[in-house]
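Each residue of the sequence shown is one higher than the last, beginning at 3 in our numbering.
Misleading hints may appear alongside valid ones.
[Said to hold, decoys possible] Derived pair list, reagent style DSSO-like, types lysine-lysine, alpha-carbon separation capped at 27 Å:
#, residue 1, residue 2
1, LYS106, LYS64
2, LYS164, LYS222
3, LYS106, LYS181
4, LYS181, LYS164
5, LYS221, LYS258
6, LYS106, LYS83
7, LYS310, LYS343
8, LYS222, LYS258
9, LYS164, LYS221
10, LYS307, LYS257
[To be verified] Here are the simulated distance ranges between beta carbons:
#, residue 1, residue 2, range
11, ARG224, ASN294, 30 to 40 Å
12, GLU171, SER100, 44 to 54 Å
13, ASN269, HIS96, 29 to 39 Å
14, ASN57, LYS83, 44 to 54 Å
15, PHE126, THR183, 24 to 34 Å
16, LYS343, ASP203, 45 to 55 Å
None of these hints come from the bench; they were simulated from the model. Idealized CB from N, CA, C, for every residue including glycine.
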Amino acid sequence: MCGYLSHPRTVQQYEPLIVMDCSRLAQTPDMCFEFLKYLQPRDLFSCMKSCRLFNELIHSLKLLQPFASGGLDICERNFEKYEYSCLSLLNNFHQSFSQDQLFKILQQALRHSRVDVMYTVFGFLDVTSFDICTFLTSREFHCSLHHETTLDTVPLFMQHPKVQDVLSEIVEYLVSEGKFTLLDTILPDLDLSQYFHDIVDASPTILADHPSLLFQFWKKRRERRVIVNNFASIFSYFQCSNYDVALDLLERMNKKERQAQRDWVSNQCNEFHLALFRRHNLFHEYGLDILNTHLECHHHNIVLKCLKANPEFISNEMDLQRFSLDLIEYGQYYLLADLIKVLKTKAITAIATSPRNYLRFLFKHCLPLGSKTNYLGRRDSKLHDRRCPKRTTVTCSNVITITALE
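Generate the whole structure from the sequences, applying the supplied hints.
So, in structure tokens, the structure goes:
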């Protein structure tokens, strides 16, 4: 009988008998139970969906238990689609799952911010500090931290009683391994001051996000020397929100300490340099270094902003004629007009006696491409010749803007 019933065609023939009306089911429970034992998982799930009574029967008979482990793996791979099925499997067959499977589900629950699933898994886990540390330092957990939903759920993870019981051991392990970035992420309220020197050696960039910690140790002579010596490492990677922290520290340094940071300052991004231009003391210290860096890279817009920050100081230190020719060669006529507005000050005497003479100087070097055209070419620095990939004309507005300055 059992062999006969296990045949697929036989199951299909008896399926109407199995999925019968609930009242008829009550009259033939034994027969129904026997048929259910020979159904495959897909058919069992179909029966479970038909009514609540079948769902309870199948769970009470533990007919799905042999398939529970494979089902949980499917839920883990497609958690967003099967999260409710995952929760049902956990509640009914948790004794069938290994610790590794449960930790994988825990990872998915963290990533998708399913606190109910996470806490359900915790209820079935035998947690040790080693297990939690292995989980927190895993590659999967590190990748999941890039998801905002994970960051929102991590505090709830750390607040679970089973994690709190081994929290001191977790902190001790992460400190010994130099995992201060991870430690700061999962425990943002932890006092890091006691680990200052360890942080500088292992993860100095964390200090850029903790200005209060930096300024706290800046007052101490020994720690101040450490901060100055590791300044480039501390701010090797920082966001726009940290610009003011770096600039505040630079302002607190003496002249010798600032000089040690010259190369680092010169190699920073344009946004940082523009923020530095607003600091008068720092501009006089690093302005020329920044200027030369952007002149070499032909960042004309930044050079002009640097010139605007202190026209008289900068114009005496740079070759304004060469800069003017660069603007012509690169077709930056708007910046050229802006430059002449800046040079209405005394600085214009460095290249010409008046705006009219300067204008004459500019047009003398605007060599036309042909005798019957007013198009200006652009100099190719590699070929040392003029080219015109995109023709740009000296329009009336350009001339009016420049000549109106007298």
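Here is what the structure says about each hint:
1. LYS106 with LYS64: Holds, at about 24 Å.
2. LYS164 with LYS222: violated, 40 Å
3. LYS106 with LYS181: holds, 22 Å
4. LYS181 with LYS164: holds, 21 Å
5. LYS221 with LYS258: Between LYS221 and LYS258 the Cα gap is close to 17 Å, so the pair holds against 27 Å.
6. LYS106 with LYS83: The hint holds at about 16 Å.
7. LYS310 with LYS343: Roughly 10 Å separates the two Cα atoms, so the pair holds.
8. LYS222 with LYS258: With Cα atoms ~18 Å apart, LYS222 and LYS258 stay inside 27 Å; holds.
9. LYS164 with LYS221: Measuring from Cα to Cα gives roughly 40 Å; hence the hint is violated.
10. LYS307 with LYS257: This hinted pair holds, its Cα atoms lying about 25 Å apart.
11. ARG224 with ASN294: 30 to 40 Å: holds, 35 Å
12. GLU171 with SER100: 44 to 54 Å: violated, 23 Å
13. ASN269 with HIS96: 29 to 39 Å: With Cβ atoms ~56 Å apart, the hint is violated.
14. ASN57 with LYS83: 44 to 54 Å: Taking Cβ atoms as reference, ASN57 and LYS83 lie about 19 Å apart, which means the hint is violated.
15. PHE126 with THR183: 24 to 34 Å: holds, 31 Å
16. LYS343 with ASP203: 45 to 55 Å: Once the Cβ atoms are compared, 51 Å apart, the range 45 to 55 Å for ASP203 and LYS343 holds.
Of the hints listed earlier, those the structure fails to meet are numbers 2, 9, 12, 13 and 14, in rising order.
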